[in-house]
Amino acid sequence: MSLTHINNIKPNAISPNIYSGESLFFTLVTEQRRKLFIDDTNVELLYQAFRHVMKKRHFAIDAIVVLPEHLHGIWTLPPNDADFSTRWRLIKTGFTKHCDNKYKVTPKWQHRYWEHLLRDELDFEHHINYIHYNPVKHDYVNKPLSSLNN
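Counting with my numbering, you get residues 1 to 150 for the letters of the sequence shown.
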């Protein structure tokens, strides 16, 4: 019998509680890489969705960059709260509900997203630099969508 079937636990599985009070790096991509965020109205709707969720389920955004078809961000979760997945669900749902009607196609987001627990200050700094460099990498240096401006 394979190890993956013993007690229904995957090998090397990490308890979600390890994320409580920690900083994580995320990448989210729009469905079929549609350039939803080339429209400033949609960027504002996304920010409104973030603000709405942050009022109800506190967390800190340490850095974020929103590019036309994807975003990267670093969040720090509060102590005793590891539930980043509900936060992302609420943000994605809030944005989708209010998204400009010219993007009638649904879903607006790829089903999954990528998260990475930041292990230490060096890892944190590396991902901050990645976020700040990402608009340069994609030739969007004239767009004011990076937390580098703050």
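Simulated from the structure, these hints should not be mistaken for laboratory data. It cannot be assumed that every hint is accurate.
To be verified - The list that follows gives simulated cross-link-like pairs (lysine to aspartate or glutamate, EDC-like), each with its CA atoms no further than 20 Å apart: (1) 35 - 83; (2) 108 - 44; (3) 108 - 62; (4) 92 - 139; (5) 56 - 40; (6) 97 - 40; (7) 108 - 31; (8) 108 - 69; (9) 35 - 69; (10) 137 - 83; (11) 92 - 115; (12) 55 - 31; (13) 92 - 125; (14) 97 - 31; (15) 108 - 22; (16) 97 - 39; (17) 97 - 44; (18) 97 - 123; (19) 137 - 81; (20) 56 - 139; (21) 55 - 39; (22) 55 - 83; (23) 56 - 31; (24) 56 - 81; (25) 55 - 44; (26) 92 - 69; (27) 35 - 125; (28) 97 - 69; (29) 137 - 125.
Hints and how they fare:
1. Distance restraint check for residue 35 and residue 83: the Cα-Cα separation of roughly 28 Å exceeds the 20 Å cut-off, and the hinted pair is therefore not satisfied.
2. Between residue 108 and residue 44 the CA atoms are separated by roughly 15 Å; this keeps the pair inside 20 Å, and the hint holds.
3. Between the alpha carbons of residue 108 and residue 62 the distance comes to roughly 25 Å, so the proposed pair goes past 20 Å and is violated.
4. Proposed proximity of residue 92 and residue 139 is contradicted: the alpha carbons are some 26 Å apart, above 20 Å.
5. Taking the CA atoms of residue 56 and residue 40, the gap is about 25 Å. The hint is violated against a cut of 20 Å.
6. A distance of roughly 17 Å separates the Cα atoms of residue 97 and residue 40; the hinted pair therefore holds under the 20 Å criterion.
7. Restraint check for residue 108 and residue 31: the C-alpha separation of about 5 Å stays at or below 20 Å, so the hint holds.
8. Simply put, residue 108 and residue 69 have alpha-carbon atoms about 10 Å apart, close enough for the 20 Å limit, and the pair holds.
9. Proximity of residue 35 to residue 69 is assessed by CA-CA distance (about 4 Å); at most 20 Å being required, the pair is judged to hold.
10. For the proposed pair residue 137 and residue 83, the alpha carbon gap of about 31 Å is over 20 Å, so the pair is violated.
11. With a C-alpha separation of about 15 Å, the suggested pair residue 92 and residue 115 falls inside the 20 Å cut-off, and the hint holds.
12. Among the hinted pairs, residue 55 with residue 31 is inconsistent with the structure: their alpha-carbon atoms are about 27 Å apart, more than 20 Å.
13. Of the pairs offered as hints, the one joining residue 92 and residue 125 is violated, with about 26 Å between alpha carbons and a cut-off of 20 Å exceeded.
14. Straight-line distance between C-alpha atoms of residue 97 and residue 31 comes to about 15 Å, which keeps the hinted pair within the 20 Å bound.
15. The hinted pair formed by residue 108 and residue 22 fails the criterion: a straight-line CA distance of about 28 Å is larger than 20 Å.
16. A C-alpha spacing of about 16 Å is found between residue 97 and residue 39, which places the hinted pair at or below 20 Å, so the restraint holds.
17. Straight-line distance between C-alpha atoms of residue 97 and residue 44 comes to about 13 Å, which keeps the hinted pair within the 20 Å bound.
18. With a CA separation close to 35 Å, the supplied pair residue 97 and residue 123 exceeds the 20 Å bound.
19. Taken as a hint, the residue 137 and residue 81 pair is broken in the structure, with Cα atoms around 34 Å apart against an allowance of 20 Å.
20. For the hint pairing residue 56 with residue 139, the CA-to-CA distance comes to about 35 Å; that exceeds 20 Å, so the pair is violated.
21. Distance hint between residue 55 and residue 39 is unfulfilled; the C-alpha atoms sit about 25 Å from each other, more than 20 Å.
22. Between residue 55 and residue 83 the alpha-carbon distance is near 15 Å, which keeps this suggested pair within the 20 Å criterion.
23. Taking the CA atoms of residue 56 and residue 31, the gap is near 27 Å; set against the 20 Å cutoff, the hint is violated.
24. This hinted pair checks out: residue 56 and residue 81 have alpha carbons roughly 13 Å apart, not beyond 20 Å.
25. For the hint linking residue 55 to residue 44, the alpha-carbon distance of about 17 Å falls within 20 Å, and the restraint holds.
26. Distance check on the hinted pair: residue 92 and residue 69 sit about 14 Å apart at the alpha-carbon level, within 20 Å; holds.
27. Proximity of residue 35 to residue 125 is assessed by CA-CA distance (about 28 Å); at most 20 Å being required, the pair is judged violated.
28. Between residue 97 and residue 69, the direct Cα distance comes to roughly 18 Å. Compliance with the 20 Å bound is thereby established for this hinted pair.
29. Straight-line distance between C-alpha atoms of residue 137 and residue 125 comes to about 18 Å, which keeps the hinted pair within the 20 Å bound.
The structure does not agree with the numbered hints 1, 3, 4, 5, 10, 12, 13, 15, 18, 19, 20, 21, 23 and 27 stated previously, though it agrees with the rest.
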